[in-house]
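Chemist: Here's the letter readout for the chains.
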Amino acid sequence: MKNLFSQIQNLGIETSTLPEEIRILKIINRLSALGVIVISITILMLFLTGEQYFSGLAALTCYPLIIGPLITNYYQKFTLSRIIFLFYPFPTIIFFSILFPKEAHFQYYTFIVIGLHFVFIDYITGKWRWVYPLFGLCCSVFLEWYHYNYIHLLDIARFHTFCIHISNDLFIIMTSWVIYYTMLKERDAATLQIKQKSLELEQKNTQLEHFAYIASHDLNEPLRTIHSFIDIIREEYDHSINQEFQTYLDFIQDAAERMRAMIDGLLSYSRIGKSSDFEIIRINNLLTELTDDLSHLIQINKVTLKVPELPSIYCSRLELKQLFQNLITNAVKFQNTDNFPVIIISYEEQSKYWKFCISDNGIGIREEKQQDIFNIFTKLHRRTEYKGQGIGLSFCKKIVELHQGEIWVESIPNEGSKFYFTISKNIVS
Amino acid sequence: MKNKLRNILLIDDSKADNFINSRIIKKADVTHNIVVTYGAREALDYLSTSVDGSFPNPEIIFLDINMPDMTGWDFLEEYRKLNDNQKAGVVVCMLTTSYADDDKEKALSYNILSDFSNKPLSFDKLMGIIENNFPKLV
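Residue numbers (the working numbering), protein chains in the order written: chain G, 3 to 431; chain R, 527 to 664.
Chain R on its own, in the form it takes in the complex:
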């Protein structure tokens, strides 16, 4: 892949899931940088902290819904309040199969999410997401 994304942010409380997701993203070689966070607060801090005057602005956020303390929904609620220059390009909601249908409806009501994917992330799913949202890259 010639043109890579700059930055992808992962939000998942599970170490294993983050490991699996970042492994797949690394293997697919679609981005220069992967940032792993283990909770919604950490992710929000990351998004709203500027380094050298600019915010990280990841192109894609993979967001787990089922997390302790702040859930994915809570994250979206807070994310909405961020300034536009702090937001990401695309937020992908990671759903677990069993809840998928109920959650999809809820997720759509936020008007932020650009995509869904069922857990676990696979190479094909990742490429699908990139194709949908960054057609110029492929």
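Next comes chain G alone, as it looks inside the complex:
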């Protein structure tokens, strides 16, 4: 029985059928099968209770509508099956509605017709999609009008009207069930797919993080050897090292040193968020602590740091401190030598985020570079101008993303930069 049902609902579906087609075919098949059952019972009932005449009429008109799509689907004539499904009902409904009494409820089929089109050909009709439902609605209004003004054409026994009424209502209810069922199935399938995809993504992400961690760890070993041997050379050949040799050694050491800094950066980058505890933090306390740590830097550069009353927010303490530290030290670092840094911190409470701004009067960033600066190892200046590996802002980005926010910059070259970042108020881990 189950096998038969699945065979019927999969009529016409082949391995090459598109998913969108499969969906439509299935629903047409299900509705048609349902129609066959309901109408067969009705006709049988009419036939057995002595209305052979009507039962014959009903069979002649209804069966093409409900069996037609099944047959055409089986022969892969999908357009034809859809045409039958969409255009056959109108004359049939009108015909039966004016033939039988209002109590038989034939007129309510128009409501099914109004919705059917959205399920079947919505993606084809485009902007004409309202024409068909509108037609169905007109049909429904016309029938109401007809029943109000005229009497039905056929007189049948009250019992038979009742039978037809029951089977009609049953069909209408079952139709909506079939459509609900189909949609539910689709939704479940879609949810499952999303779940699988996100799981896959998560795994990939973990792999990637692990990869960065392992790579940077393993790169450290040969580098350490290089360092050790530079030291050994300096120690053992101290007396015989001439100026040129000294320069070469310096280059090697400098390069190795830079590589070590980059590897360390990569390693710390891959570790961000690995062991972060989220708690409610008073940002002002955090900044006081930070300015204490940076007091030397602030003093020698004569930095003016303006901090207003800031909120307490749910965040990872260590990481947020690093975020502020990187942005503040950047503001101090990227300055013209004759300028005293003025750094102003401000915030704004939004419905879903805390939005912070750190503005400075530094050298600014050209507009075309304002996106790139958040990538790891991106530097806009030569090493001799401004020191660094180009990792600070990539850390900031990763930290902000950990807090489900965004980071961006607004800047005018030679006037200053405003770094904005948002922290979600509802961090879901």
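Honestly, I wouldn't trust all of these hints.
27 Å max Cα-Cα, derived DSS-like pairs, lysine-lysine [to be verified]:
#, chain 1, residue 1, chain 2, residue 2
1, R, 552, R, 530
2, R, 632, G, 276
3, R, 541, R, 651
4, G, 323, G, 400
5, R, 530, R, 662
6, R, 630, G, 276
Far from chain R, by Cβ distances over 12 Å, these chain G residues were calculated [stated by the list, open to error]:
#, residue
7, 6
8, 55
9, 91
10, 151
11, 152
12, 183
13, 209
14, 353
15, 372
16, 378
17, 427
To be clear, the hints were calculated from the coordinates, so they are not data collected in a lab.
No residue lacks a Cβ here, since even glycine has one placed at the ideal position from N, Cα and C.
Chain G is fixed; fit chain R onto it per the hints.
Modeler: Below, chain R alone, put in the same frame as chain G:
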């Protein structure tokens, strides 16, 4: 240094690291003999092979953790099974900085290790280890 150690065993797959470590140990002049091995198996063979009826029993083993085939952990697992007369005085675990914290915990769980040191070995680190474990020597 008046009293020297008898024997120090180095276990590291890296030729360069072994070279650096033995160079520092030689310079510090703390032992009569340095034995260099390039893997855990070789080291275990060395420890369990008796020469003239006695086992080498090095006073210190410097053990690298990150090695191919048998890692430092695998070595410790096997070392545990050796007879007491085949074991060394002290096993020093050589850690790489990046893993140090995770590894320290793991290393402690073996109950064999007496000390840790971060790579690379330096003169100060070596003297520290000797001071900790052989106070009479210094």
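Chemist: Evaluate each hint against the coordinates.
Modeler: Evaluation of the provided hints:
no.: 1; hint: R:552 with R:530; in the structure: holds (11 Å)
no.: 2; hint: R:632 with G:276; in the structure: holds (19 Å)
no.: 3; hint: R:541 with R:651; in the structure: holds (20 Å)
no.: 4; hint: G:323 with G:400; in the structure: holds (13 Å)
no.: 5; hint: R:530 with R:662; in the structure: holds (10 Å)
no.: 6; hint: R:630 with G:276; in the structure: holds (18 Å)
no.: 7; hint: 6; in the structure: holds (61 Å)
no.: 8; hint: 55; in the structure: holds (88 Å)
no.: 9; hint: 91; in the structure: holds (70 Å)
no.: 10; hint: 151; in the structure: holds (87 Å)
no.: 11; hint: 152; in the structure: holds (88 Å)
no.: 12; hint: 183; in the structure: holds (53 Å)
no.: 13; hint: 209; in the structure: holds (19 Å)
no.: 14; hint: 353; in the structure: holds (41 Å)
no.: 15; hint: 372; in the structure: holds (33 Å)
no.: 16; hint: 378; in the structure: holds (18 Å)
no.: 17; hint: 427; in the structure: holds (33 Å)
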